[in-house]
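Dock chains G and X against chain R, hints included.
What follows is the residue order along each chain.
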Amino acid sequence: MNGIGNAKQQEGDSSALHKKRVRASIKGTFVLIIGMILILISMGLSIAYGAADIKMATVWEAVSHFNPEITSHQIIQEIRMPRAIGAVLVGAFLAVSGAVMQGLTRNPLASPSIMGVTDGAAFALVITLAFFPAATMLGLTISSFAGAGLGVILVFTIGAFSKGGLTPVKLALAGVAVGSMLSAFSSAIALHTQVAKDMSFWYAGGLTTVSWGSIKILLITGGLGLVLALYISRSITILSLGEEVSKGLGQNTLLVKSLGVIVVLVLTGAAVSVAGAIGFIGLVIPHITRFMIGSDYRWIIPISAVLGGLLLVLADIAARMVNAPFETPVGAITAIIGVPFFLYLARGERRGL
Amino acid sequence: MNQSNAKKKKFIVLIILLFILTIITFVLSLNLGVVRIAPIDVFKTLLGKGTARDQLVLVDFRLPRMILALLIGAGLAVSGAILQGVTKNELADPGILGINSGAGFMVILFIYFFQGSMNSINTLVIFLMPLFALAGAVLAAFLIYVLAWKKGIDPVRLILVGIGVNSGFGAAIIIFQLKMNPQDFMQAAVWLSGDIWGTNWKFVAILAPLILLLLPFALYKAHILNIMNLGDQVATGLGIQVEKERRLLLLAAVALAGFSVAAGGGIAFLGLVAPHIAKRLIGPKHQLFLPITAVLGAFVLLLADTIGKNLLTPTQIPVGIVVAIFSAPYFIFLLMKAK
Amino acid sequence: MVSLSTENLQIGYGDKTIVENLNLHINKGEITTIIGANGCGKSTILKTLARVHAATSGIVYLDGKMIHKVPTKEIARKMAVLPQSPEAPNGLTVYELISFGRSPHQSGFGRLTDKDRQVIEWALEVTGLSLFADHPVDALSGGQRQRAWIAMAIAQETDLLLLDEPTTYLDMAHQLEILQLLEKLNKEQNRTIVMVIHDLNHASRFSHQMVALCKGNIVKEGSAEEVMTPDVLKTVFQIDAEIVKDPRTKKPVCLCYDLIQKEPELEHRKVMNF
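Chains as they are written, first to last, in numbering that gives the first Met the number 0: chain R, 0 to 352; chain G, 0 to 338; chain X, 0 to 273.
Okay, chain R solo, but in the shape it has when bound (with noise of 0.2 angstroms):
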């Protein structure tokens, strides 16, 4: 009687969810075309504009048949297409690494931007400029990278060894004191040895220095991580269900907590040794991602990637054009985003990861 009932009743729920199920994945891959077509329009965008102005078809031809002899496709080889492609990687690896972030300490206000990596990169970046001055351009980014895991790790660290664990405010608390630490380490340096200008420019982050040889470091490296994300973006969502809950569904959380770190580091590492410190792509992407398509980490890291990539190649675009022909620093751009953005989240009651 009541048995047959809920067996049907069951069939029923079970192949609503699975209805479900199929609409989210419909909805996560058409995200991911159009999102992917977008890039390709606004790459074009971006190589066209500029203080050269070079029309869409010129572009094209640069790519298909390449001439050194034309000007113009030599400043679309050199400069424009390593930037625009400089511009998708770095967006997109600061937007994986934020996601990765968030769901790792189940905070919404994690971001790489606050957790002493730009910091730590920049500290590894004074003492380099100011010590070595003959390094060369892998030189500064191993050592930013490095720099940058500094940061990465004694945030964590911080966090791993802080009595109740690492609440919101703590980890905001936390990036800031690193960062202000090495931040003033870089200051004490930088003014002492003369470097602090050059500094300024890398602060505020922009991709006026992208070459192929920073693209093949950013494929590299941040292939790797961007790999190693979505090996992890499954146990990342079961994490993000709590701490003894992942452990009773028999996670390794400490080892998903490390790669997790990994990940951060390398991506992050890699974005601001190329491109310096550009805010909130880590904090705004992942909650529109999220917005979007759910909690589901294996749909939000590629989906951050493509997003965090369309944003920052816009953002630059928008860093060209605001003051022409004066570059704007693209940091600037993206905090105008992020800051309100940001502050809404701090005003929010909404506990959503």
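Keep in mind the hints are simulated off the structure, nothing from the lab. Glycine residues also receive a C-beta, built at the ideal position from the N, C-alpha and C atoms.
In silico BS3-like links for lysine-lysine, alpha-carbon gap of 25 angstroms or less:
1. Lys256(R) / Lys336(G)
2. Lys149(G) / Lys68(X)
3. Lys72(X) / Lys243(G)
4. Lys256(R) / Lys246(R)
Computed footprint of chain R on chain G, listed as stretches where at least three residues anywhere in the stretch have a Cβ under 8 angstroms from a Cβ of chain R:
5. 141-150
6. 174-181
7. 187-196
8. 315-322
9. 325-332
Below, chains G and X without anything else, positioned relative to chain R:
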């Protein structure tokens, strides 16, 4: 009560000890520097019997600077103590809440629009810059208050909004800084790191009464601060007008921070660490720990300034950096131990 | 005589209304407990009675006067409030905590007069904490800590005492300790006590009046015998219970057996609407 008598004795001992330490540092600071003046000569000069050169260095340069250091140290420390009480968060400080960067932003604007004027400390600069800094501090506080207000102020929200506002002003500061010419840029950079730049008696004359008025005011509110520390509900139950008092105290804290930043640039962490140490030494009763905080803040800043001036001569390490380098690790330690 | 009463009180948080049209009366000199399921609004009502939370509309009367028109310090001389899980700052001693209870009678600096000291000593005695006066509050046991907070409320010298879940995190012995203290305060000093409590049997034993709430509305108001009935408990808690008489106190005691099942159809529907 035995306990309170013991505490009172401890209080007196601590205050005397801190005073002695401060005086020693004071004398040392007068002595050290590019121009070294022996302690005996210091005393002679103070009594009006020194050489003209000594007179110039001591009375016109070092003395006002050190007095400012004392005032700023006390001001920032007490500001932090009040903020911690009002936000019920042991980790609050005017730097973290963005009040310093608000002031800094206005100062950067000032430097940007009055380019090149930082070189001469003329009357205009002395009067206008602190005003700009104060306006910036108030602006930041206003923004934070308004944004954190949602039918009342939740302390956690206040801190988070503060951090947000801090980031915002930080970004704005960088944008303007990059537009400056190299000289102004350096001036700005140094100021932002915390630098007691107004070595001029006129400056002291303006700031001293302002800060010296606010400090006793804080003490006057000690009882109320004690009660607010018990939580909004208990405080309301005891008949305190919580929102009104919170606003008033915030205003006082912001004013203290604003004036201190005007004179000393972006010095962070002092307002955080000094109240903590004071509380550990003497307990949470504001009547006792506020005075200790003030004297401790004054001492620490004077010490930091002395170190900053003399450690890597001829480079002057901005005092804010020295404070940050020593306080940040302690802050991190506190963060790990706090609940 | 009525000590506290409300008229058409409406209370909410943000856009959500939790209590509507509440007309409650608290009698002077009695112990009144408010009971109800989680989320039914009992704490919210208590906070609004204590003017700690603002009502959306309606009036609270304290001793016949509209509470929002009386200066808050004056109210504090008539009504003391003890919220849920209060926190004392690190290092504060019991004596110091109790002394804060004198602040509605003090001005400005908070200097303790001789009268203040007398009252504090007396509060220490009544709560049995005289030996602990110089101990830090956070070093006490749960029951002692709660007693310290109650001592602070007593030191306010008010007729009315409001307590929000004063026994919730305490073990049996400490719960009894607190409730007996409150009973003593009521019997010996004629204080009016209003409290929110989860344990129904404690409420039944120690109160003169009980108020049973369901979703912000009063389901039943009256003596323990009137409120502790199977029907009321079914409405308020959705439990199937039997009421028996306590052999010693003669008060009604509830024995809970089962949750009352809702139709399975409705249960499923609820679960499916993620």
